[in-house]
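Since chain E is already given, all that's left is putting chain R on it; use the hints.
Residue-level listing of the chains:
There are 2 protein chains.
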Amino acid sequence: MKIVLIGSGNVATQMGLALYAIGEEITQVFSRDITNAIILAQKLNAIPISNLQNVNAEADLYIIAVKDDAIENVVLQLKDVTGLVVHTAGSVDIAVISKHIKNSGIFYPLQTFSKTKDVNFENIPLCIEADDENQLSVLKKLAKKLSNKVYVLNGEKRKVLHLAAVFAGNFTNHLYTLANQILSNEGLDFDIIRPLIAETAQKIEHNLPENVQTGPAFRKDDLTLINHLNALENNPELFNIYQILSNSIKLVHKY
Amino acid sequence: MKIVLIGSGNVATQMGLALYAIGEEITQVFSRDITNAIILAQKLNAIPISNLQNVNAEADLYIIAVKDDAIENVVLQLKDVTGLVVHTAGSVDIAVISKHIKNSGIFYPLQTFSKTKDVNFENIPLCIEADDENQLSVLKKLAKKLSNKVYVLNGEKRKVLHLAAVFAGNFTNHLYTLANQILSNEGLDFDIIRPLIAETAQKIEHNLPENVQTGPAFRKDDLTLINHLNALENNPELFNIYQILSNSIKLVHKY
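Protein sequences appear in the order of chains E and R. So the first sequence is numbered by full-length UniProt numbering: it starts at 1 and just counts up by one. So the second sequence is numbered by full-length UniProt numbering: it starts at 1 and just counts up by one.
So that you can see chain E by itself, here it is in the shape it has in the complex (with noise of 0.2 Å):
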């Protein structure tokens, strides 16, 4: 398969790797940034381009892995292309794609990326869509030399999914960012607490989280609860989230 790769972040930069890992033909990177294209394809033994209009038109899958708002002025100067166009967005509409282009799909991988952590693929949940059963296939059959865990999702699954993500992955990782804030007002190491991270994720692993939920909050130790809100009382911000998260916390649990 000859694939032109449109984008050249966190997401673009995995998926590059992987792809070409398990042995496909990364033909063109494609970024506005011609040094971040040169940087990817390098690492790809691809043909670096910052402008579309320079784009192979014979490849045949296009996988744009740029911001949201940026993936429809990519499409718009596809239209020539007679191969598979998707995205990898969580949240952006196949529509986006198919009002302009014929083979469209979505090819979305569950996970969160850096540019320089590299990921198993295998593991990562790929949520593929399209209008038609041979585009399907083909994205199918390509899902599954990347990933074990292949979902056929429609685009109201995936935003849902994409939502739960935000809360599951963004939200947590910020919630250890205000952890290191309290901790470095104390003069505090982020460090003492990472055991505490490994292990409250570890947790989930084999049980639901429903089920394992510990603290001041679920089991209705009140009199912490109003401590940590008084050590909190200069700091509307996380007086509030502290508040917010505890009281969700009773309500779950029927407190």
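You may find that some hints are simply not true.
Remember, identical chains collapse to one label, so a pair may be satisfied in a single copy or spanning two.
To be verified - When the alpha-carbon atoms are kept at most 30 Å apart in a straight line, the in silico DSSO-like pairs for lysine-lysine are as follows:
no. : residue 1 : residue 2
1   : Lys-99    : Lys-43
2   : Lys-115   : Lys-43
3   : Lys-43    : Lys-2
4   : Lys-220   : Lys-145
5   : Lys-117   : Lys-250
6   : Lys-140   : Lys-254
Because the hints were derived from the structure by calculation, they are not lab data.
Frame of chain E; chain R shown alone:
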């Protein structure tokens, strides 16, 4: 060292098992419920008791691992002992013990425990405190046998640490629960999001969380933020949590 373990919950169970594993002698296990005392005492080759009047007055160390608001009541029943009395709570002052008992201390493991999931104490930060240098050195010696991560912390710092732990542990587990709620409303299994949770936690093993934040609020993707809030408009609780955490991400990352 002769140790009396007071409590039979998650902390008492895991700490008892860890102490037993390194060869310490647990002489008694107390629980108000004799059945619970018997279950844990059997694992520790100890004598179960359900009345503190029967406590061995000759032990070297009394570890109180009961609910925060029950600690002082236990202490009052230990007035005649001469050994060192410690509690394992993050947010309870040492004075709750020291105002009644001469030899007092803190032995606080910063971790989330379950009765049924054994943990490796070697990697668990153990925070110790004592009014007296001799008692501190006794606690330090024991702590270092259990863990490679021993911290001498005063009460103020320990309380801050506990507060940070609520954010990084209890609240993140609750976000997993909310994600599962969102998924199951659409008939999606929690399994699909487990790899994301694992990777999110693994990322901060060698990074600070503020340096690896991703997601719509971080990347200024207002369209997705609005779509997500619209999707939550019938669930004011999740709507509020989404909004307050997204705003907090914007604030920290100078959106």
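Status of the hints after comparison with the structure:
1. Taking the shortest alpha-carbon separations for Lys-99 and Lys-43, neither the intra-copy value of 33 Å nor the inter-copy value of 66 Å comes in at or below 30 Å.
2. In this assembly of identical chains, Lys-115 and Lys-43 lie within 30 Å of each other by CA distance solely inside one copy; the values are 12 Å within and 48 Å between copies.
3. Only within a single protomer do Lys-43 and Lys-2 lie at most 30 Å apart by alpha-carbon distance; the minimum there is 16 Å, versus 61 Å between protomers.
4. Taking the shortest alpha-carbon separations for Lys-220 and Lys-145, neither the intra-copy value of 49 Å nor the inter-copy value of 33 Å comes in at or below 30 Å.
5. In this homomeric assembly, Lys-117 and Lys-250 come within 30 Å of each other (Cα to Cα) only across copies, at 24 Å, whereas the closest approach inside a single copy is 37 Å.
6. In this assembly of identical chains, Lys-140 and Lys-254 lie within 30 Å of each other by CA distance neither inside one copy nor across copies; the values are 42 Å within and 40 Å between.
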